Amino acid sequence: MKRVFTRLLCAGALTSVVGVAFAGPPVSAGAELDRVSVELFASGVGAAAALDALTIELYEDSAGATLASSTCSGSPAFEITVIEADRTVGCGAVPDGTYYLGIDGLADIDPAFSLSASCSVPQVEAEVLPVGDFPDATFTLDQQSNAAVCTVTLWSPVLAVDKFFDDGPASASDFTINVHNQDDEVVATVADTSIERCTVALANCGLVNLPVDFDAVDGTEFYLTELFTHGSVPEQFACDSFISDLATGYFDEPFTFTPGSTLGELDAGDGDVYCQVTNRYATGTLDVSTVVINDNGGTATATDVQFEVFRSDSTPHIAATACQANGECYFDTLGIGDYVMGYVGPAGYTVDVTQTITPFDPPTEMLNDDPEAAFTMTEFALVEIVITIDDPVPATTTTTTTTTTTTTTTLPATTTTVFDASGVTLPGTGTSGETNGAMAALALLLVAGGGIMLTVRRRTA
-14 MKRVFTRLLC
-4 AGALTSVVGV
6 AFAGPPVSAG
16 AELDRVSVEL
26 FASGVGAAAA
36 LDALTIELYE
46 DSAGATLASS
56 TCSGSPAFEI
66 TVIEADRTVG
76 CGAVPDGTYY
86 LGIDGLADID
96 PAFSLSASCS
106 VPQVEAEVLP
116 VGDFPDATFT
126 LDQQSNAAVC
136 TVTLWSPVLA
146 VDKFFDDGPA
156 SASDFTINVH
166 NQDDEVVATV
176 ADTSIERCTV
186 ALANCGLVNL
196 PVDFDAVDGT
206 EFYLTELFTH
216 GSVPEQFACD
226 SFISDLATGY
236 FDEPFTFTPG
246 STLGELDAGD
256 GDVYCQVTNR
266 YATGTLDVST
276 VVINDNGGTA
286 TATDVQFEVF
296 RSDSTPHIAA
306 TACQANGECY
316 FDTLGIGDYV
326 MGYVGPAGYT
336 VDVTQTITPF
346 DPPTEMLNDD
356 PEAAFTMTEF
366 ALVEIVITID
376 DPVPATTTTT
386 TTTTTTTTTT
396 LPATTTTVFD
406 ASGVTLPGTG
416 TSGETNGAMA
426 ALALLLVAGG
436 GIMLTVRRRT
446 A
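Just so we're aligned, residue -14 is where the sequence shown starts under the numbering used here, counting upward by one.
Honestly, the hints are just simulated from the structure, not real lab data.
The structure presented is a predicted model; accordingly, all values stated were derived computationally and were not measured.
Fair warning: there could be bad hints in the mix.
If you anchor each label on the Cβ, the simulated ranges turn out as follows [to be verified]:
(1) THR343 x ASP280: 29 to 37 Å
(2) VAL171 x GLY245: 20 to 28 Å
(3) VAL378 x THR318: 34 to 42 Å
(4) THR174 x PHE242: 20 to 28 Å
All residues carry an ideal CB built from backbone N, CA and C; glycine is no exception.
Could you build the full structure based on these sequences and the hints that come with them?
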């Protein structure tokens, strides 16, 4: 049977009166009976905490203006599974009258939870009356039926995400999965905790509540995207929807995964969702070398040159590394993505940085004279970087006398500089033993395969 829930509209609300009314039986004056028992159940991420955040109250009017004198209290929530919990609250000292169930604390729980509430009297047939947005029941009690039982249910469909990838230095928690609604809005984010498969106890996977809207067209449909991570290419977003037993047997062995979609699409409907997001590690090759020119009396060598590599967000990726005497600096694989070259070298030398991409994919504009050093590593590409430094032309000071002209060579003071790419100023990295930094310029290169967000979108017929 399809479950029907009413969406919580609790932003800014302190108390929600759900319009569940019942009339007490005739009792003698001053009698106090434990008349109301409230059973609370929650299904969703943070279920136990959500139940503990709620306070049950009774009101004498449907507007929630007059609080009944009875007190409702109970023990903390009991966690049934990692996404299920229950709790019992009793309300004592309830005299004769008609009362409405109130719930305080709704504004403090995840708005993805939906709420249903009802009350009944044992062995008494109830007439269901709609009051506001919540189902309501009015009961007439006699002396043989002197107690009411109310049920409050919180529910949200849960998305469980399993992250898998081949090789590479990344961990599952490095990948952020975005959940979008059909209006392309990000409504939730989730990250897995392990590359191992999700267990029966829902460990080793990322869990998040899905904010469904049963009143909206496509209000239960979502799709996934992944924020780009250096070195990673997404291969598949496979999802299984409408799961009714995610926490009570879905992952039992032998486990068989039969996705309903491999395009990142999911439909929460009236159940939970399980998705597997699979990536592979992709690299190119980075070849860095240096050429030192001493045609003006300079004495620097290739070992005085250090190179660095930053990610485009200024995160250090390869620490400052000195080049070898033969001019070789680095030759190894590098995960795909956008990077910025950094440089530390002898003071006073001019710096010129060039790059060659094989296979060559020419950029729109080569900015050889721009103080930037950015390149994009694409899979199977070879990026060759040559850092050429040239000793400075001696500054000439001429003193006029009867017979003498004096030439003096002066080197500037030691400085440390790193490149600035796309407006991002990178941090300095210190000095080498005898030399410090200078500044280099490198062509800005954007080739196919880079990007900030890799998106798998729903295909429309």
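Comparing the hints with the structure gives:
1. Between THR343 and ASP280 the C-beta distance comes to about 30 Å, which sits within the given range of 29 to 37 Å.
2. For the hinted restraint 20 to 28 Å between VAL171 and GLY245, the CB-CB distance of approximately 22 Å keeps it satisfied.
3. Separated by about 40 Å at the C-beta atoms, VAL378 and THR318 satisfy the suggested range of 34 to 42 Å.
4. With their beta carbons about 23 Å apart, THR174 and PHE242 fall inside the hinted range of 20 to 28 Å.
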